[in-house]
Amino acid sequence: MKKITISALIALLFASTFAIANEVNVFNARHYKADAELYSKFTNKTGIKVNLINGKSGALEKRIISEGVDSSADLYITADAGRCGAMDAKGTLQGGLTSAAIKAAVPASFRTSKWVGIAKRARIIYYSPERVTGAELSGMTYEGLADPKWKGRLVIRKSSNIYNKSLVASLIKNNGKKATATWAEGVVANMARTPTGNDRAQIMAVAAGEADIAVANTYYLALMLSGKKGAEQQEAAKKVKAFFPNQNDRGTHMNVSCAALVKGAPNKANAVKLVEFLLTPSSQEHFTNNTFEFPMIDGVSPSPLVVNNLGLDFKQDMKTKLASYGKNQAAAVEVMTAAGWK
Amino acid sequence: MPGIYTNVKLGTLLFHVYKADYNMKLNSWYLSSFLISFVVLIPIITVFTSFFENTSNYYEILKNTFLIEYILNSITLLVSVLILTFIFGIGTAYLVSFYKFPGSNFFKWALILSFAVPPYIYAYSLTAFFENYGTAFTILKNLFGDANYNKDIPKFDGMLGAILSISFSLFAYVYILARASFLYQSQNLIDLGKNLGFSKIKSFYKIILPAARPAIVAGLSLVAMETLAEFGAVDFFSINTLTTGIYNSWIYFDDLAFANRISFLLLLFIFSLFILENLSRRKAKYHLNSKGGFKQKEKIKLFGVQAFLAFMFCFIIFFISFLFPLSQMLYWTIKFPENLLDLDIVNLLLNTVYLVTISSFVLLLFSLISNYGNRVSKNKILNFLSTLSISGYAIPGVILAIAFITFIAWFDNSIIKALGLTSIKKIFIGSIFGLVLVYFIRFYSLAFNGIKSGYEKINISVDESAYLLGYSKRKTFTNIHIPFLRNSLIFIIILISLEIIRELPITLILRPFNFETFATTAYISASEDLLEAAAVPSLFLILIASIFIIMTSKYILREKNE
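First to last, the sequence lines map onto chains D and B. Residues in the first sequence are numbered from -11 upward in steps of one, following the numbering used here. Residues in the second sequence are numbered from 2 upward in steps of one, following the numbering used here.
Careful, some of the hints might be misleading.
As the list claims (entries may be wrong) - Quick list of in silico lysine to any residue cross-link-like pairs, SDA-like style, CA-CA up to 25 Å: (1) K21/D <-> V347/B; (2) K251/D <-> N515/B; (3) K227/D <-> D147/B; (4) K44/D <-> K142/B; (5) K152/B <-> E198/D; (6) K216/D <-> Y100/B; (7) K142/B <-> K251/D; (8) K44/D <-> I154/B; (9) K227/D <-> I154/B.
In case anyone wonders, no lab produced these hints; they're calculated from the structure.
Can you build the whole structure from these sequences, using the hints too?
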């Protein structure tokens, strides 16, 4: 009896390791409930099972790299173009996301052959209408965040945050490393507090009067306004307004959630199918209504909460290639650290 | 990678030592002890030998500034946590061991419930309550009407948040050990103080505290080890300590050599504490065994203001360490009930049970084998090997996981592939097998020491009598030792379960597809700024851990020497 139990245990241990099926393995750094719902829709439609390993982007990337060509990963899905670009730079991705459906759906600056954007988000400025005048904001740019008039009035996350890294990487791409280093020093001098908390905490700091302007992604305000975070945060969200910077030049910094095709993917064809599925109008609508991101494809409108409160009519930066975020990540970390950005 | 060559060299060396000892017979005890020590030593050796590898130059300057920050932060965190856990742990232990006051019997075991709240869940609660427009804001608004209270609510984030989260979660180590030591202090000592005309406070400083010193040092070194190894809470508050520094330099700088170099520094810290703890424990044992002139002491009954103050001190600590995080998580679960429905609780529970069962089984099996091996062969090398293999507990989980992946990747790329065999990576990385293996390395000392102390209570003459009766070694083991060890075994299983339920970094890095535990679910939601969704798994984790703690309390808190 004992022997049977032991062999059964051992068999169980190995069974989990070697299972072959019609499936696609996703290393997933986006943990929205809405995503899980989309994956089950995909399974219902195609019969392809979606296996998930959730985690933070860094740890997932390391596992893919350590496993090398033997990796079970097919797709790596994360919420930052910089991370997809960095994975590409390390040679862990392969080309193949080039089907007509993908090319037709996604603008060229938002994809490479190895990874594509699946939903857009803008990193914008939030301000307190009580304490910030229209004149002060007029013509405001990311570059303007270093202007001494914001001294003691700005909140932004830590330099280790991936969205900040990509924002700074895009500035390096547009203005050069030297100018961006000076800019980072100006930003640090303007901070109302040592960086702490997530994007939503920055918005709430403006609502609470700790600061006058904050830098955060678009969907956070919509999330707060939706009431999903409770009545207090809904009230707080009404005390801040959104401002889209750089409207008079290249446009507002855009980032994407991206899906990347891993080198050695055992289920490559299924992976491509899943990406195509995520880019269909119904999937895109599901994203916009639940995660409050901007749609990747034309013909789908963002959630009414986003449209009514943030405005839809803004100029997106379609010029800066998102692939540059990955390339300039290291330089971005370097200038922020050198400026004493915690 | 030179690390591995050293591994091989060490193996050969041990083999020679083994051959030189001609008294030994090659038997399964040796093989298993060797195997266990070897497996447990892999991560340590990988870390230590990488210290001399070159790191990439690119970040050299940045790293130097980082390194100082990591060390300073680790020291600030360590010192503050030690001071707080000392005050909380000793204060409560002193009150419940020497005095009777309303609730003293309740607090005696209720205070250890704080173990059920891991530092990262404590961190979520602190943030949830004190953040702008958080729970404190809601309470004030409901009490006093609309106003901007945010400015008046203190913010517990960053370093302060991390210090509080860790202190309230870990003070019970000091409490348990100090209390055990206080209980065994003879009434004679207290009388001595009285005869010398000492006040209560003076007796406490001059007699009680010094006599309990070894136990207190042991408790504090456990706290220190856990603090230095802390990952979840420190990561949540984005504090750069040596441990998160290792993780970040590995992940963001792709610099394993540098990660290993920081690990080396950290391990030096931790090993000094490990040795300190072991030495103190030995002394503590010596104190406990002094039976001559032991007089069971009477607890002093407190009245009036004194009783009230004693009650308040214990209550406040109990409230802040356990009731506060529990209520915050409960409040959120009720406020956002949709998260309760979204969570596949049955599945998470089954996963937890699955991990706990396999890990406990493997850990107990090997601990029994090596303990029994030590007992029947009484060999020094075997003893030495066992001592080495319990060091896994001192290594932070995140380092263990990284070192494990590094080793497997290296082993597979340079040995398995060279031999033309199929890759073994999938057997070890992202599998339950690999996960359990690393749990094994981490928690082996817990199981080994537990069984060892159980064995120490079985006199060797028991074995000899059994042999005289014609019992084989195996029969002695199964029919005599196991029944004797039953209580120790139950206790160890509960401790292992408690550790695995709360474990975060190893599970996070090594778990297979579609496999979550309460801890990973809570962490993932929290890292996506969905603290409300983290509340449900956190709440379940606290409840399950509390049940296990209540089950153990009779072992931890026994008042009479068995």
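List in ascending order the numbers of the hints, as given earlier, that are violated by the structure. Hints 4, 6, 7, 8 not satisfied by this model.
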